[in-house]
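As they're listed, the protein sequences go chains A and B. In terms of numbering that gives the first Met the number 0, the first sequence opens at residue 0 and continues consecutively. In terms of numbering that gives the first Met the number 0, the second sequence opens at residue 0 and continues consecutively.
If you're looking for bench data, these hints aren't it; they were derived computationally from the structure. Worth double-checking, as some hints may not be accurate.
Copies of one chain are not kept apart here, so a pair can be met inside one copy or by any two copies together.
Lysine-lysine pairs mimicking DSSO-like chemistry, simulated, CA-CA at most 30 Å apart [claimed, not checked]: (1) K52 x K143; (2) K134 x K96; (3) K50 x K137; (4) K134 x K42; (5) K23 x K50; (6) K52 x K23; (7) K50 x K96; (8) K52 x K141.
There are 2 protein chains.
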Amino acid sequence: MTRTARGNRTRQDILGAAADLFHKQGVVATSPDQVIEASGTGKGQFYHYFKNKEGLVHEVLRGHLEAIRDGSSPISYEIASWDDLERWFVAHLGLQKRFDMTRGCPFGTIGNEVTERDELIRQDLSLIFEVVKSKIAKFFVKEKANGRLTPDAREDELADFCVAMIQGAMLLGKVKRDSQLVETTVRETMRHLRDYARGAPRAAVQRRRRIPTRSRSRR
Amino acid sequence: MTRTARGNRTRQDILGAAADLFHKQGVVATSPDQVIEASGTGKGQFYHYFKNKEGLVHEVLRGHLEAIRDGSSPISYEIASWDDLERWFVAHLGLQKRFDMTRGCPFGTIGNEVTERDELIRQDLSLIFEVVKSKIAKFFVKEKANGRLTPDAREDELADFCVAMIQGAMLLGKVKRDSQLVETTVRETMRHLRDYARGAPRAAVQRRRRIPTRSRSRR
């Protein structure tokens with residue numbers, strides 16, 4: 000391995016260990032020493048790559064954002080259908096189940112810790128939530144443009160509703176150690192969203208068309 | 000003041016200062032020394048009333064639960080109508096606005112910090128969320144029993160949906176410093192819930208009855 004490749008590897012090890020600890024116990028409870036130990040690196044290496052804990056959190060969140068953008072995140076944010084949207088919700092629950100419901104969302108966990116002193120971190124998280132919301136909103140925009148949502152559907156607000164819901168459901172799921180609660184909350188949310196599709200102009204056209212087709216087949 | 004009254008006052012001062020700090024910056028970031036300073040008490044007094052920080056968090060959460068139960072909380076949990084339910088949602092936003100959207104929900108903030116080591120605190124929070132959920136579910140049970148909700152409405156799940164939604168909305172509202180996001184998410188949620196009322200057997204009866212009344216008044 001070249002010197003740069005080895006350096007990159009060390010940096011990635013530190014970032015990976017930090018991301019896991021932040022997800023598990025939050026940022027405030029995690030010390031640089033814990034990250035150094037969990038990553039199997041040294042103090043010198045840590046402070047060579049990261050000025051301080053804030054710099055580390057910033058880099059971890061930038062890594063999350065990159066993964067959301069380039070599709071390498073464990074959750075797929077490319078939503079082109081209702082099934083994709085449902086899979087997006089269910090993937091969050093899958094993530095929680097992998098940790099026996101002892102963890103929430105990595106972003107929500109850090110987000111709840113943010114105080115007025117953490118402006119950089121708050122901006123990082125704001126951007127993550129904004130990018131996720133935009134990816135969901137894009138689906139609603141396309142559906143509405145194609146007449147498959149009722150005209151009163153507000154795409155951005157529906158996307159915010161999705162993000163808020165999964166955050167709240169994961170928090171409750173973690174506190175109550177209850178996966179079923181997350182499932183039923185996702186189901187309620189999908190039911191609400193699909194109501195916009197059921198009442199849509201296209202859906203109405205399809206319903207009208209379906210009647211003669213059906214009666215023909217009965218002959 | 001008697002010695003006991005003075006003691007109670009000191010204890011309440013400590014609990015009040017702790018509740019405020021936990022809400023502002025979370026439990027992990029708050030040291031006993033900060034609580035002692037903020038409450039204007041002394042180390043001796045603090046450790047006379049509270050064994051350690053976990054004991055303090057436990058007592059703060061018990062205080063919150065008591066306030067929810069006896070109606071002394073700043074948010075009213077007595078929900079007897081759709082307007083009450085909407086007021087319950089909006090009261091959470093009011094709480095956030097009082098702190099310029101820099102804080103989330105006191106329970107959510109602590110809930111996201113909980114790790115596998117904090118079993119007592121997790122149980123305290125579980126109980127709080129369960130009591131809140133039950134109070135909301137009771138309203139849905141009554142509405143459904145009176146034929147004012149569609150038969151497929153699941154009261155407990157709808158109540159979980161309400162609690163999850165307000166938790167997620169407050170978290171996003173805090174991270175994005177955005178009160179409008181909370182407002183629109185509450186509106187979507189209320190729209191979804193009211194859909195169960197619109198399709199209800201009673202609502203259908205009322206719609207049928209309303210037509211002749213209206214035509215009479217037009218004569």
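Right, here's what the structure says about each hint:
1. K52 x K143: neither (44 Å within a copy, 52 Å between copies)
2. K134 x K96: both (24 Å within a copy, 28 Å between copies)
3. K50 x K137: neither (37 Å within a copy, 53 Å between copies)
4. K134 x K42: neither (39 Å within a copy, 52 Å between copies)
5. K23 x K50: both (23 Å within a copy, 26 Å between copies)
6. K52 x K23: The answer is both: 16 Å in one copy and 20 Å across copies each meet 30 Å.
7. K50 x K96: Answer is neither; intra-copy 34 Å and inter-copy 35 Å both fail.
8. K52 x K141: neither (41 Å within a copy, 51 Å between copies)
Hints 1, 3, 4, 7, 8 from the earlier list are contradicted by this structure; the remaining hints agree with it.
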